[in-house]
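Here are the chains, one letter per residue:
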Amino acid sequence: MHLKIRNLSKSFGQFRALSGVDLDVGPQEFVCLLGPSGCGKTTLLRIVAGLEPFDEGTLELGGRDLTRVGAQHRGFGIVFQSYSLFPHMTVAQNIGYGLRIRKAPGAAVAAKVAQLMEIVHLEAFADRYPWQLSGGQQQRVAIARALAVDPALLLLDEPLSALDARVRVELRTEIREVQRRLGIPTIMVTHDQEEALTMADKVVCMNAGTIEQIGSPQDVYARPRTRFVADFVGTSNLLEAAAAQALGPDVAGPLPVQKGTDHLLALRPEDITLTRAEDGEAAVVRVTYLGNSKRVALDWRGIRILADGHRGLDLEPGDRASLSVAPGAGVWVLP
Amino acid sequence: MTEAIATLKARKPRMSAEGRLLHMTALVVPLVGLAIFFLYPLAIIVQRSFVQRDGALGLGNYRDVFGMGHIGRVVQNSLVMSGLTTLICVVLGFAIAYALQRTRLPYRRLISVALLLPLLAPSLVQALGLIFLFGRNGLISQATGWNLQIYGLWGLVISNTMYALPQAVMIIQAALRHSDSRQYDAAMVLGASPWRQFVDITLPKARFGLLSAGFVCFTVTITDFGNAAVIGGNYRVLATEIYAQVVGQMNFNMGAVVGIFLLIPTLLAFYLEKVAARRETGGGSESAVPVTPTRSAARDLPLGLVAFAAALFIVAVVGTVVYASFVSLWPYRLDLTLRNYNITAQGGYAPLWTSLVVSAQAAVIGTALLFALVVAQRRLTGGAAKAVYLLAIVPVGVPGLVLGLSYVLSFNVAHPLLGMVYGTTFLIALCNFYHYHSQGFLTMVTGIRTVPPALEETVTCMGGSSLHGMRDAILPVMLPTLVAVFFFLFMRSMVTLSAVIFLITPRLSVGAVSVLRLDQAGFTTQAAAFSVCIMGVVLAAMGLMKLALHLLSRRPEAASSARKLEVTD
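Protein chains in written order, with the working numbering: chain A, 1 to 335; chain B, 1001 to 1569.
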């Protein structure tokens, strides 16, 4: 089913948490709400879940108005960062909870629970209690519990943020696979851009209660529309038009002609090639070793520029270097 | 106006009718209880203090009370006695709490156990024990030939100190427990001496605990009736004065005036404590590393001496009461006998059973109402939430004596509904419950904070009703708290005297009153025997609670919320 959000707004007292949000989630789509803390992404998720009222706009699923439908009756699955398992229930009881509430017959519950435990690789843990499981295992149970009721929509509120780095990467793939296999439309909230880029069909970049850009991971990374997106998703050098011209004539397409001429050029560090040169225009300020590469901070015409070099790059603070940029590597973004 | 429109337009998911009903009930029932059995009696006592002898409203009673030559002296006595007791309790309590929490003194647990003793029995047991030891016929007075003037100010201060000290230690200990050892590490690395660390970190951190302990000590001792009645002698205090006015001279309106006098200092102390609490910002962080006690002979030796001396004294006094209960004629014939337990005067053991019934009622009703109230209060926001919270904690500022008197004035009436409950165990149970309402409520609030909101929301999103949320998300996590509150109410109801002293009738009395009556009638060893019975019941209840909490704590998730209660009278 298709989730349709139009012109949705929400305030907490004087604070405007969301304004004029439009969003569509397709029948099998994995959508990530990405943004810094306080951008409204969790509020949006909670409104979709029915846990929070909203002030204006519409919220529909498959043509049905959800506005006055309580969370209890929406039939969605939800997973929180804090696992939120029932401490007094076993893994199997936790997973079967939603079905038992729906008064499903015991055999049906058992079958469904068995199936889900297999999907999330927890067959061996059926009779364990939550406190006997690791964080990653607990979150798997939470996901299975949310899926058990065949939800019309799966909502994930920073499900991986409390986990260790390695487990987090493992679970990313797992969640995505399960979601594809079951074909359940999913909205996930995250502040981790890498998570959003690796998992989502569609990334929704949010800032200060509004949506800055919606697009595929490739879109938002390679063609950011605004300064915020360029800066929040990955790292970008942001140059004013005049400075951008100095880098070369065809660094980016033609400067869009709009009422304001203050577009900025966003340029990824990896798109800048550094060459050591005694008469280079840039001075090396700092070199940070990143393992597989080096990030170099330079002073170029009084502007701080970040550029990436391979790990063998022979540059030290104080050295001079020249910059070159492939044609079309930069993107004009709104300030 | 714009707000009203905004609310109309709000896209609010509908709550199910059954959920709304549940939450309304959870809110309204406890509030109605507070209104009828706390606010109304309080209003009545204020009103009655203005009803003059001629029936008109006015300040006549106040004039009369000030006209009584000795009233100034009584107020002064009360303040001096409570002030002294509070000072001793806070200083001594801090030393003991520090010894327990921050040193590695051997056998520290014994001190904690000794400090529990005064909480097991009605407050007058301390006075009883002191008299057995230092009174005219006291064991020590007889042995040494000294004539210690134990009746009066000093006897009162010592017995009230024993009574309030355990509560002070608990509160200060809790304050010391929540320190972060990294602060001390940082100070040490910066070169601060242990003394500087104490002055700069420990004291400021414990400041609020000390203030809170002072408030509790002052309140419980200025309003305590049992010790004052038994060991006060000619040193008259407000608590005995109010009793003399009401029970002695049947002068209810004058009693109300004295009650107001008692209410003022406690409400003032309550207010000051709340103001101070608000200024106390930034408590310990969630991830605080507990302080590991170190050894230091120069510090531990004197602290240990003080702590063990205090513990020994308490054990001696309470132990003497137990011993005396088995002695045939104190202190002349010390052969052991069970004869003292053959109590027939003052209704025999019937009041003990009444106490049990009352305590069970208070515990059941109280736990249910408090649970409902915190569940409902959590759903409220803004001003409503604050108002309910404030109403729930105000009872701690109302002395038991005042509450008891207000109950007599409100319910010992001809009114067909209000008068119906007078003379029943039910009313005594309610009086005890509202007397300890605040402490129970605060414990419940601590408990419900451990329920993750996400757990309830999970239930809702999975299609569960409010009842499901209560059963599957809140109750399992709250269970240890409920157990703790239940037994707290039960144990306090077993031993409290000040509130119930006005509510007993010739046909209905409770255990704590029996102890007082037996003592006043000269059956001191039987009074001791009766107190031992009460202690036995409370001890059994405490054992049951420990067992229940232990069983529950085998599920580690749920163990976090059973906090120690601040036990105040």
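Because the hints were derived from the structure by calculation, they are not lab data. The reader is advised that the hints may include incorrect statements.
Per the computed footprint, the stretches of chain B lying under chain A, defined by three or more beta-carbons under 8 Å from a beta-carbon of chain A, are [as the list claims (entries may be wrong)]:
#1 1317 to 1323
#2 1473 to 1483
Computed, partial: chain B to chain A, Cβ under 8 Å [said to hold, decoys possible]:
#3 PRO1013
#4 ALA1017
#5 THR1240
#6 GLU1457
#7 THR1460
#8 MET1462
#9 SER1465
What follows is a list of derived Cβ distance ranges for each label pair [claimed, not checked]:
#10 B:ALA1384 x A:GLY302: 51 to 61 Å
#11 B:ARG1295 x A:ASP164: 54 to 64 Å
#12 B:LEU1272 x A:ASP127: 47 to 57 Å
#13 A:ALA126 x B:ARG1554: 17 to 27 Å
#14 B:PRO1106 x A:ARG295: 29 to 39 Å
If you're wondering where the values come from, they're calculated on a predicted model, not measured in any experiment. Think of the CB as a built atom: it goes at the ideal place given N, C-alpha and C, for glycine as much as any other residue.
Status of the SER1465 of chain B interface restraint (C-beta, 8 Å, chain A):
holds, 7 Å
Taking 54 to 64 Å as the stated bounds, is the beta-carbon spacing between ARG1295 of chain B and ASP164 of chain A within them?
violated, 38 Å
Proximity test - 8 Å, beta-carbon atoms, the stretch 1317 to 1323 of chain B to chain A, at least three hits:
violated (count 0)
Does GLU1457 of chain B hold up as a contact with chain A if the rule is Cβ-Cβ below 8 Å?
holds, 5 Å
When you take the CB atoms of ALA1384 of chain B and GLY302 of chain A, is the distance between them in 51 to 61 Å?
holds, 58 Å
Per the CB criterion, is THR1460 of chain B less than 8 Å away from chain A?
holds, 5 Å
Is the interface hint satisfied for ALA1017 of chain B? The criterion is a beta-carbon contact with chain A at less than 8 Å.
Cβ of ALA1017 of chain B sits 11 Å from chain A, so the hint is violated.
Given a hint of 17 to 27 Å, does the C-beta separation of ALA126 of chain A and ARG1554 of chain B actually sit inside it?
holds, 20 Å
Range first: 47 to 57 Å. Now tell me if the beta carbons of LEU1272 of chain B and ASP127 of chain A are that far apart.
Since LEU1272 of chain B and ASP127 of chain A have Cβ atoms about 54 Å apart, the given range 47 to 57 Å holds.
When the least beta-carbon distance from THR1240 of chain B to chain A is tested against 8 Å, hint result:
violated, 51 Å
Restraint: PRO1013 of chain B near chain A, CB-CB cut 8 Å. Satisfied or not?
holds, 4 Å
Return the status of the interface hint for MET1462 of chain B: holds when the least beta-carbon distance to chain A is below 8 Å, violated otherwise.
Check passed: Cβ of MET1462 of chain B comes within 4 Å of chain A, closer than 8 Å.
Violation of the numbered hints given earlier is confined to hints 1, 4, 5, 11, 14; the remaining hints are satisfied by the structure.
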